[in-house]
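Engineer: Below are the chains, spelled out letter by letter.
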Amino acid sequence: MSTLPLEIRSLNVAYHRKMVLWDADLSIRPGRSTAIVGPNGAGKSTLLKASLGLIPAASGEVLFYGEPLKKVRSRVAYVPQRESVDWDFPVSARDVVAMGLYKKIGWCLPVRARHRRMADEALADVGLADFAGRQISQLSGGQQQRVFLARALAQKADLHLMDEPFASVDAATEQAILTLIERLKLEGGTVVCVHHDLDTVAEYFDDVILLNMRVVAKGPASEVLTPENLRKTYGARLTLLDEAVVDLSRPGAPRES
Amino acid sequence: MIWTELDTWIVLTGALTAMACAVPGVFLLLNKQSMLGDAISHAVLPGLAIGFLVSGSRDSFPMLLGAVLAGLFTAVVSGVIERRGRVETGASLGVVFCSLFALGLILIRIAADHVDLDPGCVLYGALELAVIDSAAVPRIVWQSTAILLLNLTLAAVFFKELQVAAFDPRFAKASGIPSGGIHHGLTVVTALTTVVAFESVGSILVIAMLIVPGASAMLLSRSVAGVLFWSLVVALASALAGHLLAISVAPEWLGWLTGRQDLGSLNSAGMMAASAGLIFFSLLAASHFARSISGRGRASVL
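Chains as they are written, first to last, in numbering that gives the first Met the number 0: chain A, 0 to 256; chain B, 0 to 301.
If you are wondering where the hints come from, they were derived from the structure by calculation, not from laboratory data. Glycine included, every Cβ here is placed at the ideal spot set by N, Cα and C. Treat the hints with caution; some may be incorrect.
Lysine to any residue pairs mimicking SDA-like chemistry, simulated, CA-CA at most 20 Å apart [what the hints assert, rightly or not]: (1) B/31 <-> B/187; (2) A/17 <-> B/85; (3) A/102 <-> B/182; (4) A/103 <-> A/155; (5) B/31 <-> A/87; (6) A/17 <-> B/79; (7) A/70 <-> B/175; (8) A/102 <-> A/87; (9) A/69 <-> B/179; (10) A/102 <-> A/60; (11) B/31 <-> B/88; (12) A/102 <-> B/184.
Partial selection, computed: residues in chain A whose CB lies under 8 Å from chain B [unchecked claim]: (13) 83; (14) 91; (15) 101; (16) 104.
If we strip away everything but chain A, and leave its shape as in the complex, we get:
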């Protein structure tokens, strides 16, 4: 019996009849944090969305804890990209976090005092205890990102799939997210993040999946992040970059001016 939080087998995704994800095969290890890294348009967000059934897959199989998503939905929390919603929407931070409880509350029943308390607790966990009643447009970008994380926390899931949580956030939020990921891991949870910043990958995450329409490499960060793998993932753009770095670091290399 499989206990892996997420297993994806030969997943193909097409968008407007153009393939965006080829034959993706991967598994996420429990109790660890995994980064999905790759250039723009590599299909990182697509991978998350397709595995959650938000966009149709052409073929392939996705299993969460050995089962199709439908059977274990409550064990999986999704944090969409912050830019994917309208932050002028007339709701408070607490209202947004309470959305993580809607499925548990059930159809036709209202959000009650005890759910609002649970929402407030989740907000306190991301350092936003004082902002519960704020309208979401009055929060900074980093605070908005933390509201999204609090919503996922309120779901009390085992696997967290986050789409670019570190994208353009302030230092305080970055620290809050890192602390949160560590805490989730300690509690036996698993975290998967789409990540952009190559400089911080090795520091922030245990495992790395390099993606550029196909899975280029996967495994522990220290093994995966080799110049060879990065070149395969990012192509010529990065090649130029690290050649430049090599040139500059060579003793006696010609310097400008």
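Since the structure of chain A is provided, determine the placement of chain B on it from the hints.
Structural biologist: Only chain B this time, still in chain A's reference frame:
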């Protein structure tokens, strides 16, 4: 100005209809689908006409069914055009509802040869005529009360689901709430409301009342429940102000402007739509004023 029992019924019908439209309107607005409301209210016309032609009577049920199907057809077909034709939402809706509306007008002409189904009545409504009824309470009043109660009940029962499907449909779907199904439900309710409202107030007021109360209420409240409440208030106020303007102020003002004394009263439904617009622009100006004073991001008027 002489106020009769008829005036009371006109205002009451206008207010009930406007409030019934405001409820699905708020959620269309929150879904950024205001254009869909506009499209549905035009596209139900051929549905009404076909329902009428098939059944051969002005029986409400076949016409209602035809209209709801036409509304759903619009939502589904424009969705397909948007994906296949790679055009933006507004354009694909525009293509579908304009064609359907034109078809509807033609069909009504054909139908009108047999009975009294008048294109003008469909556009402007016949509020003044609809309330003339032998019963103690006109049928149209019962009808609009029923649709208002239905919409309020649905909004209360599915409040959470409507809210999350509008704010973050992807998250809703991932957590097991079928946001697609909720959007379709909203489409059906909008079509239903439109059809009931058509008879009394016509398509122009329906379009106004789907959008303007919600848009005004957005300036007044920072919660979805608050927006719903204020949209009902704005709908009510527009109906009352609209009729007052239609029977007294506007004819006098226009008479003074044109030098004609024989204008009589104006179309009440039209003035109700105009009043809603006036209310919106006043609130918009007030919110800009409030914002420039407080100097903060998004200020509320209250």
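Engineer: Each of the hints needs a verdict: does it hold here or not?
Structural biologist: So, going through the hints one by one against the coordinates:
no., hint, verdict
1, B/31 <-> B/187, "holds (17 Å)"
2, A/17 <-> B/85, "holds (14 Å)"
3, A/102 <-> B/182, "holds (17 Å)"
4, A/103 <-> A/155, "holds (11 Å)"
5, B/31 <-> A/87, "holds (12 Å)"
6, A/17 <-> B/79, "holds (18 Å)"
7, A/70 <-> B/175, "holds (10 Å)"
8, A/102 <-> A/87, "violated (24 Å)"
9, A/69 <-> B/179, "holds (16 Å)"
10, A/102 <-> A/60, "violated (25 Å)"
11, B/31 <-> B/88, "holds (10 Å)"
12, A/102 <-> B/184, "holds (19 Å)"
13, 83, "holds (6 Å)"
14, 91, "holds (7 Å)"
15, 101, "holds (5 Å)"
16, 104, "holds (7 Å)"
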